[in-house]
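S.K.: Take a look at the letters that make up each chain.
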Amino acid sequence: MKKIALALAALFALTVPGSAALQVDVNQGNIQPLPIAIPDFIGDPQGANIAKVVRADLERSGLFKPLDPKSYVEQIKSINAAPTFANWRVINAQGLVTGQAQAQSDGRLRVDFRLWDIYGESQMLGLQYFTQPENWRRIAHLISDAIYERITGEKGYFDTRIVFISEGGPAKNRKKKLAVMDEDGANPIFLTRGDYLVLTPRFNPTAQMIAYMSYINGKPRVYLFDLESGRQEMLGNFPNMTFSPRFSPDGNKVAMTLENGGNSDIYVMDLRTRSYTRLTTDPSIDTSPSFSPDGKQICFESDRGGSQQIYVMNADGSNQHRISFGSGKNGTPVWSPRGDMIAFTKQGGGAFHIGVMRPDGSGERVISNGWEDEGPTWAPNGRVLMYSRTLQGGRGSQIWSVDVTGRNERRVITPGDASDPAWSPLIQ
Amino acid sequence: MVGAVALHVAILAATMFAWTHTLDIADEAPPVVPVDLVTIGEKTNIRAMVKQQPKEPPKQEEVQPPSPEKAEVTPVTPQREEAAPPPDQMAAEKVPQKPPPPPQVQPQEKPQPEKKKESFDIDKMMAFLDKRAPAQSAAPNAAKGPKTIKGIGQQNAMTMDLIDTLRNQIAQCWSPPVGAPHPEQLIVQYELFLNRDGTVAQTPQLLSSTSSDPFMRAAADAARRAIYTCQPYRLPPDRYDQWQDITLNFDPRQMVGQ
Chain A
1 MKKIALALAA LFALTVPGSA ALQVDVNQGN IQPLPIAIPD FIGDPQGANI AKVVRADLER
61 SGLFKPLDPK SYVEQIKSIN AAPTFANWRV INAQGLVTGQ AQAQSDGRLR VDFRLWDIYG
121 ESQMLGLQYF TQPENWRRIA HLISDAIYER ITGEKGYFDT RIVFISEGGP AKNRKKKLAV
181 MDEDGANPIF LTRGDYLVLT PRFNPTAQMI AYMSYINGKP RVYLFDLESG RQEMLGNFPN
241 MTFSPRFSPD GNKVAMTLEN GGNSDIYVMD LRTRSYTRLT TDPSIDTSPS FSPDGKQICF
301 ESDRGGSQQI YVMNADGSNQ HRISFGSGKN GTPVWSPRGD MIAFTKQGGG AFHIGVMRPD
361 GSGERVISNG WEDEGPTWAP NGRVLMYSRT LQGGRGSQIW SVDVTGRNER RVITPGDASD
421 PAWSPLIQ
Chain B
1001 MVGAVALHVA ILAATMFAWT HTLDIADEAP PVVPVDLVTI GEKTNIRAMV KQQPKEPPKQ
1061 EEVQPPSPEK AEVTPVTPQR EEAAPPPDQM AAEKVPQKPP PPPQVQPQEK PQPEKKKESF
1121 DIDKMMAFLD KRAPAQSAAP NAAKGPKTIK GIGQQNAMTM DLIDTLRNQI AQCWSPPVGA
1181 PHPEQLIVQY ELFLNRDGTV AQTPQLLSST SSDPFMRAAA DAARRAIYTC QPYRLPPDRY
1241 DQWQDITLNF DPRQMVGQ
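Which chain is which? The protein sequence lines are A and B, in order.
With the first letter of the first sequence counted as 1, position 198 gets the number 198 in our numbering; the numbers rise by one all the way through.
With the first letter of the second sequence counted as 1, position 138 gets the number 1138 in our numbering; the numbers rise by one all the way through.
Hint data in this document are derived by calculation from the structure and do not stem from the laboratory.
Even glycine gets a Cβ: it sits at the ideal position worked out from N, Cα and C.
Keep in mind that the hints are not guaranteed to be accurate.
Claimed, not checked - Derived contacts from chain B toward chain A, CB cut-off under 8 Å, selection only:
1. Ile1170
2. Leu1248
3. Pro1252
As the list claims (entries may be wrong) - Which chain B residues stay away from chain A? Per the calculated CB distances, all over 12 Å, these:
4. His1008
5. Asn1195
6. Arg1196
7. Asp1197
8. Arg1234
9. Pro1237
10. Asp1238
Just chain B, same shape as in the assembly:
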């Protein structure tokens, strides 16, 4: 009996010890793990994602699109004639249209591509010449869409958060064309210029190919609506220089079947 009591007391005491001990440990200051903040770009230097030679043609394509995009907007009216089904006793014809006055941003459209071309020519070429070796072999697999993936550099580490923020905001507004027969083919690319307050500065420029395919046109319209309805974009004003010019690549492939 005495033994049993002693044993109980001993167990109780041991438990208390254990608790005390645990508390002791908890009281200790947690070890400090030294962390160096390193810019990824400096270490990895993942640069050229595409070969040097193909760089020129894609760039030219990007310079061109403003005109195709404009061309796409205007023909909307003429195009209707074929879409209008003239059934038996009904004559369908185009209503003469008074196009709304062109947005005041129109004159700005030209300077933009030019500006882009200028900055691209020297800075970018140098950057690519510098570090293309390590990532070049990866290029063929990397670019799957019609988009040209140009590279990843020092800016990437700094802008990843911006990219995530933008992507999340636009995802709320974009209704992808998932019911179309081949939604995987309906990849649309726009260049977007933003004001400092996050509003759209001028008509977004369609960079991907314009086509008369009604599905492609609908996909381009849907992407453009997403761009507009999502404004103003909530982005840090002090980093305006990093997000004033954005290329958006709307890719519905992951949404298919959902």
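Looking at chain A on its own, in the form it has when it is part of the complex:
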């Protein structure tokens, strides 16, 4: 009886006798993007372009709904005066971004913006940037990041880049090129010409270097590509195939797989000394290592238990233990930069999906809906993932993104077919 009384008490929100406050527990919500108004920035004509990029960034995140500029009732004339909040409530905006771009006498561009809370009738954020005019897109991404962070509490991810494999040409002679582009698909650049096969590119923590596997001279090896100098070098001089590289969080090491007589094991190479350490010795295939954000652990895939599954070990190779016990095969694990999740490719029922689980293997969820989705990569804030999607019937490959909650699954625009994306850290 007590239990029933307790359940009743917990179920219904409680009333405080004496004090008049009515207690209401709100435990269900309606997850919706935040309606936000972002009028073109005033001043320099570039201001309109900046606002356009900010609107696109925030819309793409799925957490914001930029309102149609045609619906705005008020025209922003100065960013130093508070807007008439009622004018923005009329169009149901909950946030307002006002901004201004000004060319400076020294040739630089100055951009100011303010984020307003329409119902709280207060400024939530105000920032100012100076830059060379050609960097206006980065300023726009930085503004998007600042707004995203203020509203969600989470660091943004718009001022980032994606490295991926661009695919083109006839089906029988497909060329795969290493390419990078901004997170929003702008400024795509090809880093290789497609003369040889390239696979699994990965950024280092400064986003200046890419580790990848290439078949230069017919030998599959891990290479490093320096984005600034365009220089590439083979990582180590191993007699056999090396693949599946990934940087440690401090950027000083690369974990990768070394094949030797049919047995693949995980090694770690120190980039400063070029010395390497073997971490796994199992006669099965151990591959796809990925560091935890604190660098103390590595998750990887292994078929030592009979089928491909996900394992975790300490960074020195000790304490290897399996964490995936769900149905099907699970591979290509990637530790979230936030540390709370491991994303992976789940294979079962003839399809491939992207899944996430906690580092102890609990809380497994499938978050993508494609027929063949694989190779996840995390946004630096650990909130969004990208992955490759192969279309049914050989109709090509695309890059898609999805929120860690499984919402907002959408295609990432790339020049032509693309696969194997890797997200950079926030650009420094």
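Take the given structure of chain A and dock chain B to it, following the hints.
M.R.: Relative to the frame of chain A, chain B by itself:
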């Protein structure tokens, strides 16, 4: 042959009887079940959900929050300095802000907590002293969130429908922070004063702890936006005294993973 026909006729007749019979029953007036309308509070008397001693501290906390909340609003601008990433050739700095004129409700903010304190002191204490025994053992399990569950009394039966109505309305407007790393920790409590027409009477007061944690701040903002966007609340005007003062407890735990 005759037998078969007779049998058919008999079956037919029996069927008709059965129908007639059923109709007879249907024609009967349904039995009247006497129902007494009893106020739950009178019978159950579930009262104290928390021990008598801890009552004082939580109450003090509730009285305090208005100032932390205000403190949280103002520092928004200064705080930006650290959040602004000053990349290579870009200098980020805070734009000097002209804070909008404080809402006219500001002066009302102080009297509210005081009023609450007054009414609490005597009436409530008496009520708790009266009937704490039966439910006291349940208290430790009952309160899971940071919120203090104070009790359930006679008012509960009368206000349950109001609570449901409010909860349903706000659920439409609240976008919970489900993507945050630990959404279960982002429980936010506001005290809300409403006008008789269901509009928000004054700036909602944040009762839960204010912290510099950006996730907590974002959760508090999201809850406040929900409060504003949902107005006017559709509640019976004749019972205004029951819903003019509301404590809302935004708890995203059940939304995690959805």
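S.K.: Should the label of Asp1238(B) as a non-interface residue stand, given a Cβ cut-off of 12 Å to chain A?
M.R.: The claim stands: Asp1238(B) keeps its Cβ more than 12 Å from every Cβ of chain A (closest is about 15 Å).
S.K.: Quick one: work out the minimum CB distance from His1008(B) to chain A and report holds if it exceeds 12 Å, violated otherwise.
M.R.: At roughly 58 Å from the nearest Cβ of chain A, His1008(B) sits farther out than 12 Å, so the non-interface label holds.
S.K.: Just want to verify: Asp1197(B) was marked as not at the interface with chain A; is every Cβ pair farther apart than 12 Å?
M.R.: holds (16 Å)
S.K.: Could you check that no beta carbon of chain A comes within 12 Å of the beta carbon of Pro1237(B)?
M.R.: holds (15 Å)
S.K.: Just checking, Arg1234(B) versus chain A, shortest CB gap more than 12 Å?
M.R.: Arg1234(B) clear of chain A: closest Cβ-Cβ about 14 Å, beyond 12 Å.
S.K.: Any CB of chain A closer than 8 Å to the CB of Leu1248(B)?
M.R.: holds (5 Å)
S.K.: Under the criterion of a CB-CB separation shorter than 8 Å, is Pro1252(B) in contact with chain A as hinted?
M.R.: With Cβ-Cβ at 7 Å, under 8 Å, it holds.
S.K.: Over 12 Å to the closest beta carbon of chain A is the bar; see if Arg1196(B) clears it.
M.R.: holds (14 Å)
S.K.: Please settle this one: Asn1195(B) was flagged as non-interface, so is its CB more than 12 Å from every CB on chain A?
M.R.: The claim stands: Asn1195(B) keeps its Cβ more than 12 Å from every Cβ of chain A (closest is about 15 Å).
S.K.: Would you settle whether the hint for Ile1170(B) is holds or violated, based on the nearest Cβ-Cβ distance to chain A being less than 8 Å?
M.R.: Where the cut-off is 8 Å and the nearest Cβ of chain A is about 5 Å from Ile1170(B), the hint holds.
This entry satisfies every hint, going by the numbered hints stated previously.
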